[in-house]
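> Read off the chains here:
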Amino acid sequence: MIELKALNKAFGEVKAVDGVGFTARDGEITGLLGPNGAGKTTTLRMLYTLMKPDSGQVLVDGIDAAVDPIAVRKRLGVLPDARGLYKRLTSRENIEYFGRLQGMDEATIASRIDGLSKALDMGEIIDRRTDGFSQGQRVKTAIARALIHDPRNCILDEPTNGLDVMATRAMRDFLRHLKAEGRCVLFSSHIMQEVGALCDRIVVIAHGRVVADASPDQLREQAGTPNLEDAFVQVIGSAEGLAA
Amino acid sequence: MKTILTVFLKEVRENIRDRRTVINTLLTGPLMAPLIFVLLINGIVSRELDKAEKPLPVPVIGAENAPNLIDALTQYGVIIKDPITNPEQAVRDQEADLVLRIPPSYADAWKKGEPAQVELIFDESQRDAQGSVSRLRSIIEGYGQRTSSLRLVARGLSPTITRPLVIADRDQSTAQARGGMMFSMLPYFFILGAFIGGMALAIDTTAGERERQSLEPLFANPVARTKILLGKLGATGAFALTTLLLSIIAFSFAGQFMPTEKLGMTLSIGTHFAVLTLITMLPLVFLIATLQTLAAAFAKSFREAQTYLSLLMFVPALPTLLMSIFPFKVETWMYAVPLVGQQVTITRLMRGEAIGSAEIALCFACTSLAAVIVYFITAHIYKGERLAIST
Chain V
1 MIELKALNKA
11 FGEVKAVDGV
21 GFTARDGEIT
31 GLLGPNGAGK
41 TTTLRMLYTL
51 MKPDSGQVLV
61 DGIDAAVDPI
71 AVRKRLGVLP
81 DARGLYKRLT
91 SRENIEYFGR
101 LQGMDEATIA
111 SRIDGLSKAL
121 DMGEIIDRRT
131 DGFSQGQRVK
141 TAIARALIHD
151 PRNCILDEPT
161 NGLDVMATRA
171 MRDFLRHLKA
181 EGRCVLFSSH
191 IMQEVGALCD
201 RIVVIAHGRV
211 VADASPDQLR
221 EQAGTPNLED
231 AFVQVIGSAE
241 GLAA
Chain P
1 MKTILTVFLK
11 EVRENIRDRR
21 TVINTLLTGP
31 LMAPLIFVLL
41 INGIVSRELD
51 KAEKPLPVPV
61 IGAENAPNLI
71 DALTQYGVII
81 KDPITNPEQA
91 VRDQEADLVL
101 RIPPSYADAW
111 KKGEPAQVEL
121 IFDESQRDAQ
131 GSVSRLRSII
141 EGYGQRTSSL
151 RLVARGLSPT
161 ITRPLVIADR
171 DQSTAQARGG
181 MMFSMLPYFF
191 ILGAFIGGMA
201 LAIDTTAGER
211 ERQSLEPLFA
221 NPVARTKILL
231 GKLGATGAFA
241 LTTLLLSIIA
251 FSFAGQFMPT
261 EKLGMTLSIG
271 THFAVLTLIT
281 MLPLVFLIAT
291 LQTLAAAFAK
301 SFREAQTYLS
311 LLMFVPALPT
321 LLMSIFPFKV
331 ETWMYAVPLV
341 GQQVTITRLM
351 RGEAIGSAEI
361 ALCFACTSLA
371 AVIVYFITAH
381 IYKGERLAIS
391 T
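Those sequence lines, one after another, are chains V and P.
Numbered according to the numbering used here, the first sequence spans residues 1 to 244.
Numbered according to the numbering used here, the second sequence spans residues 1 to 391.
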């Protein structure tokens, strides 16, 4: 379970995140929706302790990120916005590296890679060097690398960004698979369809603030429109920076 | 410790797969110095030997005016060439190094016992010709000396009367020291080797990793950033150390092919030299690796990091340059200054001079201390929020 409480972060004069707070529960997919530049990535970066919030609190399974950031990172599987791979290493070596940094033993790493490779359909690419991988192959490797240690909480920053239709569908199935395993899945997106189709709970962020935090049905009800797209536009105030 | 080792092994494995890095570490870095040296020394030696033993061709105008002088010149290895019509022009155009002109008045003056004049036409600014000019001058002066002695004897006087003073040269430099002077550039080449060896990794592990957007996922792992930094520094240092080691071995090997004894020099570049050089260089290698990583951490991109590190490469040249321009006396404090300490130690080792273990310990300790200080600065930068963010 992930709890964010009244997070603030400013870069100079610009308030990137202004009092963001929400909870992502286990066994649910929580979608963080917002236009480009709304503060989604900065919020997630504070969650996985890459950045320190100016004020506010991050709790992962009850552990305060400001008190024990390493314990928090141990409980998170993170696919950041930046997902560069090591080109001179194979897909497997990339994943193994992160497994070792997680403190796992070699046998566990090997069996986890087998499992993830099946779940993500990576059989053909797992022992190839990642130089020359397609966007979809890169994202698969990055996700396997992020989840090697079997984390309870999965954070994915725009996981379908740059993927083609087939890869996007596979990714959505994979997120549902994570949910079925009882994990807490938090992902960000600026694509309304995706959030509407996947999420149990939608947190809408605009201008660094949470403007809505509800289930898709509640959101439609709140806005008084049967169309989720119209509901989003209404709570955000404009459709700028969003994609259908 | 396991984390540090994991990072270290991954960086080593990844960079060993990069052909350009491997070539720089294993070939360019270590071989550049000995190669330049063998070429340089062979050039100097063959030029010096040329000058001393080769026949000296000199165009002579008015040779018929002084047949005895011409005989004497021929005896000392001068080859008399045909006269040139415009000697001044020929020298200015570098068609001839020097021209000897014997005016018609020579014979008259000689017979009367008056100073007979010969003209030496040369260009002082032509460094190449200077050896020939001074050689011909001393041959002619020698001939004059002998003639004057003969004339004095003929008049019943002792020839010593014209030589109230003699100078005896007592050169105190040892053969090793003369060699060492020539090799004062060597420490710089060792330091440069370490620079080249570590450069690719310092950039790749920090600026490169950020540019490829892999630093942020790396930092999402549950490990302290200082451990990641230590692993990366270890890998950078290991590559630099490999370059240095190969460079010392290659140089010790190449030293055997340098015809230094022909110049009256001996170099001490045996095992003793190699081991002590390695000890003094060891902390410097890590100081350089840390400095390179620090500079790369400030850079926003791979290219910017390359620019910074290329500029950084000029820093170790400074003490070498200053020391070869200004003659200096070695003082104890010099061992305490990183770069200068290594420079002084290696130069003295080559000259075969004894160095106390206290001096080497001082050099080692102070450079290590500097490396630790730079490490803490780099660690501070590494902990910063901005470091990981690529965009």
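Hints listed in this document are in silico derivations from the structure and should not be mistaken for laboratory results.
For glycine and all other residues, C-beta sits at the position ideal for the given N, C-alpha and C.
Please note that the accuracy of each hint is not assured.
What the hints assert, rightly or not - Facing chain V, a subset of chain P residues (Cβ under 7 Å, in silico):
1) ARG212
2) GLU216
3) SER368
4) ALA370
5) PHE376
> Now tell me if each hint is right for this structure.
Now the hints, each set against the structure:
Look at ARG212/P: its Cβ gets to within about 4 Å of chain V, closer than 7 Å, so that hint holds up. Look at GLU216/P: its Cβ gets to within about 4 Å of chain V, closer than 7 Å, so that hint holds up. The interface hint given for SER368/P is broken, as the beta carbon of that residue sits about 29 Å from the closest beta carbon of chain V, more than 7 Å. A distance limit of 7 Å between C-beta atoms decides the matter here; for ALA370/P the minimum to chain V is near 30 Å, and the interface restraint is violated.
With its C-beta approaching chain V no nearer than about 20 Å, PHE376/P sits outside the 7 Å limit, and its interface hint is violated.
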